[in-house]
Amino acid sequence: DTGVSQDPRHKITKRGQNVTFRCDPISEHNRLYWYRQTLGQGPEFLTYFQNEAQLEKSRLLSDRFSAERPKGSFSTLEIQRTEQGDSAMYLCASSHTGGGDRELFFGEGSRLTVL
Amino acid sequence: GENVEQHPSTLSVQEGDSAVIKCTYSDSASNYFPWYKQELGKGPQLIIDIRSNVGEKKDQRIAVTLNKTAKHFSLHITETQPEDSAVYFCAAAETSYDKVIFGPGTSLSVIP
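Heads up: the sequence lines are chains A and B, in that order. The first sequence: position 77 = 89 (this note's numbering), numbered continuously. The second sequence: position 106 = 173 (this note's numbering), numbered continuously.
Don't take each hint at face value.
Below 30 Å or equal to it, Euclidean Cα-Cα: the simulated BS3-like pairs (lysine-lysine) are [claimed, not checked]: (1) B:K124 to B:K138; (2) A:K69 to B:K135; (3) B:K138 to A:K69; (4) A:K23 to A:K69; (5) A:K83 to B:K135; (6) B:K104 to B:K138; (7) B:K166 to A:K83.
The hints are simulated quantities; they were obtained by calculation from the structure and are not laboratory data.
Extracted from the complex, chain A is given alone in its bound form (with noise of 0.2 Å):
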């Protein structure tokens, strides 16, 4: 089990282009959650997901924000027509439901700078 893996670690990008960010939870993990973190604050609530449903979308996600997990395993967080508030970390969390550890395992976080 190589834990929850995201990629690019890091992308910087001019304003108003889009980015796409991945991740791939740990196997067999059924929940998956993104979270954005700027500098010196906590993790904020995106959204989740349970297997391909996505349960809740935080009110900070605003429609240029939109995230998909097509079949259950990694998801995808995609930023249209990025702002400089958007510059910030974005990390992903899996966990699952079932029997035994349901604590959120993070990933190391995809930074992106919007110059």
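The hints should help you fit chain B onto chain A, whose structure is shown.
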């Protein structure tokens, strides 16, 4: 929605001393309170959690207390070591399955 506040934002202690971080939450429906540690360049990692049917839980040098009536919970680290230096986040959720709402974090520095 849930709002979690955390104090202090920064904390420096001498090695071997104790550190205490305090949090409050707003949603009485919250029943699960995890604590995460984040080291530089890494994602947060769970260090301990407590559920609302328990008032206190201890794991080696770490203990958490919960006062559900007052909506307060705290993290206590005893005999601090330099490797305890990190950012600590308290959090709250309705259950361990639900979305977790994090506090703003406490940056702990343990001075050798």
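Comparing the hints with the structure gives:
Proximity of K124 (chain B) to K138 (chain B) is assessed by CA-CA distance (about 16 Å); at most 30 Å being required, the pair is judged to hold. Note on K69 (chain A) and K135 (chain B): the hinted pairing holds, with a Cα-Cα distance of about 27 Å set against a maximum of 30 Å. A hinted pair counts as satisfied when its Cα atoms are at most 30 Å apart, and K138 (chain B) with K69 (chain A) qualifies at roughly 26 Å. Among the hinted pairs, K23 (chain A) with K69 (chain A) is consistent with the structure: their alpha-carbon atoms are about 23 Å apart, no more than 30 Å.
For the hint linking K83 (chain A) to K135 (chain B), the alpha-carbon distance of about 39 Å lies beyond 30 Å, and the restraint is violated. Between K104 (chain B) and K138 (chain B) the alpha-carbon distance is near 21 Å, which keeps this suggested pair within the 30 Å criterion. With a CA separation close to 21 Å, the supplied pair K166 (chain B) and K83 (chain A) stays within the 30 Å bound.
Checked against the numbered hints given earlier, the structure breaks only hint 5 and satisfies all the rest.
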